Amino acid sequence: MKVVVLQPSFLPWLGHLDQYAWADRFVIYDDVQFDKHGWRNRNRILTSQGVSWLSIPVKVKGAPLINQVEVDYAQPWRRKHLESLRQAYSKCPYFDWLFPQLQGYYANDWSTLLDWDVQGLKWLTASLGLAWNGLFSSDLKVPGQKTERLIGICRKLGATRYLTGDAARDYLDESQFQAIGVEVVWHGYQHPVYPQRSKEFVSHLSIVDLMFNCGPQSLSILRQSQ
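Under our numbering, read the sequence shown as residues -13 to 212, first letter to last.
In short, the hints are calculated from the structure, not lab data. A couple of the hints might just be wrong.
[What the hints assert, rightly or not] Straight-line C-alpha distance at most 25 Å; calculated DSS-like pairs for lysine-lysine: (1) Lys77 - Lys47; (2) Lys(-12) - Lys127; (3) Lys66 - Lys22; (4) Lys108 - Lys45; (5) Lys142 - Lys127; (6) Lys47 - Lys132; (7) Lys142 - Lys108; (8) Lys22 - Lys77; (9) Lys142 - Lys132; (10) Lys77 - Lys66; (11) Lys108 - Lys(-12); (12) Lys66 - Lys132; (13) Lys108 - Lys127; (14) Lys132 - Lys22; (15) Lys(-12) - Lys142; (16) Lys45 - Lys66; (17) Lys185 - Lys77; (18) Lys(-12) - Lys132; (19) Lys(-12) - Lys22.
Computed from a predicted model, the values in this text were never measured in an experiment.
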């Protein structure tokens, strides 16, 4: 049983989807503190002027958990996002394939940021041909902090392998996983280079950049490092 535990992300980058595709169970870490300058409510696209951000405005008071953050509809951010995406990618090979899907996604009125992130992930995985294997950490009711809690999640799901990113090296105690028979796998994602409408390739963008340029082939491209 291969397990990933990862915080949700808005229209995530390729590495996020690579971890999802690797996992048998993908745990959405939704009951940890929201980080105001992270990837929960924003991501990057490539325009003719360079990299640009798509951000969902949120209502944040104090230090809420990710699953408590509400979306702010006081400004027309959905329309602006679609206009930015149209301008950035209208000349890409798979614009007519992907843009209507994005229009359907942005037509929703979900009240929480978690809904936008998770429903976006469900749409993206289905579009890429992946079955849904996600579940919420809040539903697992596993106590503890950092490594202790991750171990508890792995134990509850019967994990034999646990995939994590290099940022976890600062706090993750690998020996504790080994003690319960779980192998820690470090992601070490090698970002692929794919056809892109720019003179120099720009990496670490939202998955939609790859999908506009490569369409249904996107999954095999993002998984090349495997």
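Cross-check of the supplied hints:
Taking the CA atoms of lysine 77 and lysine 47, the gap is near 41 Å; set against the 25 Å cutoff, the hint is violated. Between the alpha carbons of lysine -12 and lysine 127 the distance comes to roughly 20 Å, so the proposed pair stays at or under 25 Å and holds. Distance hint between lysine 66 and lysine 22 is fulfilled; the C-alpha atoms sit about 21 Å from each other, no more than 25 Å. A threshold of 25 Å between alpha carbons decides the hint, and for lysine 108 with lysine 45 the separation of about 24 Å falls inside it, so the pair holds.
Proximity of lysine 142 to lysine 127 is assessed by CA-CA distance (about 10 Å); at most 25 Å being required, the pair is judged to hold. Between lysine 47 and lysine 132, the direct Cα distance comes to roughly 24 Å. Compliance with the 25 Å bound is thereby established for this hinted pair. Straight-line distance between C-alpha atoms of lysine 142 and lysine 108 comes to about 24 Å, which keeps the hinted pair within the 25 Å bound. A C-alpha spacing of about 33 Å is found between lysine 22 and lysine 77, which places the hinted pair above 25 Å, so the restraint is violated.
In summary, the hint linking lysine 142 to lysine 132 is supported, as the alpha carbons are separated by about 16 Å, within the 25 Å threshold. A distance of roughly 18 Å separates the Cα atoms of lysine 77 and lysine 66; the hinted pair therefore holds under the 25 Å criterion. With a C-alpha separation of about 19 Å, the suggested pair lysine 108 and lysine -12 falls inside the 25 Å cut-off, and the hint holds. A C-alpha spacing of about 37 Å is found between lysine 66 and lysine 132, which places the hinted pair above 25 Å, so the restraint is violated.
Taking the CA atoms of lysine 108 and lysine 127, the gap is about 23 Å. The hint holds against a cut of 25 Å. Taken as a hint, the lysine 132 and lysine 22 pair is honoured in the structure, with Cα atoms around 19 Å apart against an allowance of 25 Å. Taking the CA atoms of lysine -12 and lysine 142, the gap is near 13 Å; set against the 25 Å cutoff, the hint holds. Between the alpha carbons of lysine 45 and lysine 66 the distance comes to roughly 19 Å, so the proposed pair stays at or under 25 Å and holds.
Between the alpha carbons of lysine 185 and lysine 77 the distance comes to roughly 15 Å, so the proposed pair stays at or under 25 Å and holds. At most 25 Å may separate the alpha-carbon atoms for a hinted pair to count; lysine -12 and lysine 132 meet this at roughly 19 Å. A hinted pair counts as satisfied when its Cα atoms are at most 25 Å apart, and lysine -12 with lysine 22 does not qualify at roughly 30 Å.
In terms of the numbered hints stated before, the structure departs from hints 1, 8, 12, 19, listed from lowest to highest.
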